[in-house]
Each structure stands twice: as C-alpha cells, then as structure tokens.
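From first to last, the protein sequence lines are chains L and F.
Note that the numbering used here has the first sequence beginning at 3, numbered continuously upward.
Note that the numbering used here has the second sequence beginning at 236, numbered continuously upward.
Hints may contain errors.
Calculated pairs, DSSO-like style, for lysine-lysine (alpha carbon to alpha carbon, straight line, at most 30 Å) [as the list claims (entries may be wrong)]:
#, chain 1, residue 1, chain 2, residue 2
1, F, Lys-292, L, Lys-44
2, L, Lys-104, F, Lys-318
3, L, Lys-47, L, Lys-81
4, F, Lys-318, F, Lys-292
5, F, Lys-313, L, Lys-104
6, L, Lys-81, F, Lys-313
7, F, Lys-318, F, Lys-277
8, F, Lys-277, L, Lys-104
9, L, Lys-104, L, Lys-44
Worth flagging that the hints you see were computed from the coordinates, not collected in a lab.
Keep in mind the model is a prediction, meaning the values are calculated, not measured.
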Amino acid sequence: RKEVEQDPGPFNVPEGATVAFNCTYSNSASQSFFWYRQDCRKEPKLLMSVYSSGNEDGRFTAQLNRASQYISLLIRDSKLSDSATYLCVVNLSGYSTLTFGKGTMLLVSP
Amino acid sequence: EPEVTQTPSHQVTQMGQEVILRCVPISNHLYFYWYRQILGQKVEFLVSFYNNEISEKSEIFDDQFSVERPDGSNFTLKIRSTKLEDSAMYFCAHGAGGADEQYFGPGTRLTVT
C-alpha cells in the first residue's frame, strides 16, 4: 500500500513557466498536509501548509481535495532558484508522525 | 524559522560500532523527532519523543536504536551496532506536536563501512 504518492518526475521547465505537482494520500482521516522542498543533500524545508480552503503564498498555490484525497502545488513564473525536489508530506495517522512522498524533482532552466 | 543544529555533519564508522548522533533543538519545543533518508529514497520516520519519553516509533526503530535527552537540551539518537544498511542521512526535527508542521535540522550523514 503506497501511502503518499507523487508524480515521478523530473519536470524540466524554462524560466517563467507554470508547473503543477500532484499528490494523493491513502488515509481519508489524515489531519494535516504540507509541501516541503529539499535541495540536493539538504534537509527538507517547509514550503507551505495546505488548508482545506486552499492557500497561496506569492507564486505558490496549494490545494486540497479531501474527497479525492488529493493535494496539489502550483508554481507560477518559475525561477532558477525553484529547482529542487518537492515533497508532499501528510500526517496520516492523527499522531504527529509525518509520512513523506518520494518527491518530484523540478529543474528550471534559463 | 526556528533553528535546529545537528552534530556531527558527517560520521564514518565501521560495521558493528556504536554511533551517537546529536541534535540541539529550540528548548521550548516539547516534541522531537528523528527521521532518516537513505540515498535516493524517501524520508522515513523513526521515532517521536515527548516529555522525555518515546511517544511513537516505526518498525525501523528496533532494539538497535535508542533516544535520549540526557541533559535537557541535547537530543541524541544512538545506534548500538551499526549495519551497512544504516548508512543514510539522519534528520532531527522539532515541532509543537499534533498535526503541526515540523522543522528539520541540517542532518548527519552516516556512512557505515
């Protein structure tokens, strides 16, 4: 049983492009949802939490569809510095344990 | 973003040796976590620690692993007898608990030879 699944990637996009990442999770009772980014050989860094109403932070928009158990992240106007692996992270159990997806690598080229 | 420091940044050890990985989180957080990431694989939960006790652990966290907060500040992960497959990045994290977000330290790269 795959608990948190993401697009396999990598995504190669030019600067300025809009890119969308998708994620599904297995437990309908999951409590909280996050997107983290991870640069090569670095720690995961919180990008944004995902709320039921959807939320936006600058060029980044996150959406949650509880009925479909689906989470998305949209990045508009991609920058070179957006190149990283994007991790879909879910609190599946109601405890504080986080379950990570395998991540989707994004490569933004000039 | 609150800081978490981890030492050492890189540890090389021989199979069968004991290693202790250290984490210094913000002192007013009560929940601490250890995760690991084998090269090329996803981040995996090991253990959570609350109020000086283990609150949850995964199947990975077997008898070879232990956690402590020996002096009220440092938070340690000990692997008693390392195996080759223990080679990974080990991340300490902290948070407010429950469904809240967690903040990760820079990690310790453990290489078992």
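Okay, which hints does this one fail, numbers in order?
Checked against the structure, the only hint that fails is number 6, while the rest are satisfied.
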